[in-house]
Amino acid sequence: MNRKPKILVVGSFVMDQIATTTVFPREGQTVLGGTFSKAPGGKGANQAVQMARLGADVTMVGKLGHDSNGEDMLRVCRKAGIHTEHVLYDDELPSGCSVIILEEKPGSQTVNRIIVLSGSNMSITPEDVEFLKEKIADYDLVVLQLEIPMEINELVASYAYAKGIPVMLNSAPSAPLSDEFLSHLTYISPNEHEAYDLTGIRISHSGKEVNMEEAKAAAEALKAKGVRNVLITLGEAGAVLDTEWDGFFYSPCAENIMAADPTAAGDSFVGALCVGLCCGWEYEETLRFANHTAALTVSAMGAMPSLPVLSQVEEFLKERVGAVPDTSVLK
Numbered sequence: 000m001n002r003k004p005k006i007l008v009v010g011s012f013v014m015d016q017i018a019t020t021t022v023f024p025r026e027g028q029t030v031l032g033g034t035f036s037k038a039p040g041g042k043g044a045n046q047a048v049q050m051a052r053l054g055a056d057v058t059m060v061g062k063l064g065h066d067s068n069g070e071d072m073l074r075v076c077r078k079a080g081i082h083t084e085h086v087l088y089d090d091e092l093p094s095g096c097s098v099i100i101l102e103e104k105p106g107s108q109t110v111n112r113i114i115v116l117s118g119s120n121m122s123i124t125p126e127d128v129e130f131l132k133e134k135i136a137d138y139d140l141v142v143l144q145l146e147i148p149m150e151i152n153e154l155v156a157s158y159a160y161a162k163g164i165p166v167m168l169n170s171a172p173s174a175p176l177s178d179e180f181l182s183h184l185t186y187i188s189p190n191e192h193e194a195y196d197l198t199g200i201r202i203s204h205s206g207k208e209v210n211m212e213e214a215k216a217a218a219e220a221l222k223a224k225g226v227r228n229v230l231i232t233l234g235e236a237g238a239v240l241d242t243e244w245d246g247f248f249y250s251p252c253a254e255n256i257m258a259a260d261p262t263a264a265g266d267s268f269v270g271a272l273c274v275g276l277c278c279g280w281e282y283e284e285t286l287r288f289a290n291h292t293a294a295l296t297v298s299a300m301g302a303m304p305s306l307p308v309l310s311q312v313e314e315f316l317k318e319r320v321g322a323v324p325d326t327s328v329l330k
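Quick note on numbering that gives the first Met the number 0: the sequence shown kicks off at 0 and runs consecutively.
Keep in mind that a hint or two might mislead.
Here are the simulated distance ranges between beta carbons [said to hold, decoys possible]: (1) 182 <-> 279: 20 to 26 Å; (2) 29 <-> 243: 37 to 43 Å; (3) 242 <-> 133: 37 to 43 Å; (4) 25 <-> 162: 48 to 54 Å; (5) 133 <-> 21: 50 to 56 Å; (6) 90 <-> 223: 40 to 46 Å.
Heads up, simulated DSSO-like pairs for lysine-lysine below, C-alpha to C-alpha not over 27 Å straight-line [claimed, not checked]: (7) 5 <-> 104; (8) 78 <-> 134; (9) 5 <-> 162.
FYI, nobody ran anything at the bench for these hints, they're computed from the structure. Since the structure is predicted, the reported quantities are computational estimates derived from the model, not experimental observations. Where is the CB? At the ideal position from N, CA and C, for every residue including glycine.
Please construct the entire structure, taking both the sequences and the accompanying hints into account.
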């Protein structure tokens, strides 16, 4: 490819409301927290912003409410260079938001619990995306997640499939997926828990020691349903990718990273992976690029605020592995 990848994201906007604590409260228990902050997020918007900050030409389709949260999220997307002319508004529902509790213990990795309140994200209608039936042919890749109505994801995937445009589904949060929907996907990217929900196969791992037979079995189960390429993220154990024609790949996480906030790590990984796939990089360097992009994300606070730009990822890769993919088309 001799131009910037053109990527379409159809997905969610969510304003994250983040509270920190040294202990998660038990049922009926009240605890004193540490800090409170707000940060724009949502799986769709996070992935769109990450891809744009890495240099891709990104268009976002989604729905906001007429409120300050919506204005703030749209402002961040526009600042990243995302095309937002197809972002719609709901006249009644508020913009999506979430409540995130971060448990911070000295010397331990931060862990999170998240409740998403969908708001306007769930009011996208087939009429809202009907223009994509023909327009979708303008893009190199379509990226979807499961924080908008399943009907919309299925419809957009069918439009892309009819035009021969690759589709990436980040199948989160976990939900049942029809065989027809799966057959329209070029890539699917569940985490290990979502992969278990879809296949019934649990992937065991300890540190960087992954049961590859279980990982391969889970990927093959999804490929048997019609998905051509399966990526499964495994938290601190890294990720595996089972491709249609080129075999099976494993990539460990970047080492010695202290997680400040794991929110948006998966979105950062998927966004970076999509950029690498569109650029035509080798699978190994694409996975390495995605893992190091996500590592930078978890080392900072907030969803969108923590998503790195291309120069940060390049510098980090040079420092850690001494090699950077050919990113010239992204500049």
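Hint-by-hint comparison with the structure:
{"no.": "1", "hint": "182 <-> 279: 20 to 26 Å", "in the structure": "holds (25 Å)"}
{"no.": "2", "hint": "29 <-> 243: 37 to 43 Å", "in the structure": "violated (52 Å)"}
{"no.": "3", "hint": "242 <-> 133: 37 to 43 Å", "in the structure": "violated (30 Å)"}
{"no.": "4", "hint": "25 <-> 162: 48 to 54 Å", "in the structure": "holds (52 Å)"}
{"no.": "5", "hint": "133 <-> 21: 50 to 56 Å", "in the structure": "holds (54 Å)"}
{"no.": "6", "hint": "90 <-> 223: 40 to 46 Å", "in the structure": "holds (44 Å)"}
{"no.": "7", "hint": "5 <-> 104", "in the structure": "violated (42 Å)"}
{"no.": "8", "hint": "78 <-> 134", "in the structure": "holds (24 Å)"}
{"no.": "9", "hint": "5 <-> 162", "in the structure": "holds (15 Å)"}
Checked against the numbered hints listed earlier, the structure breaks hints 2, 3 and 7; every other hint is satisfied.
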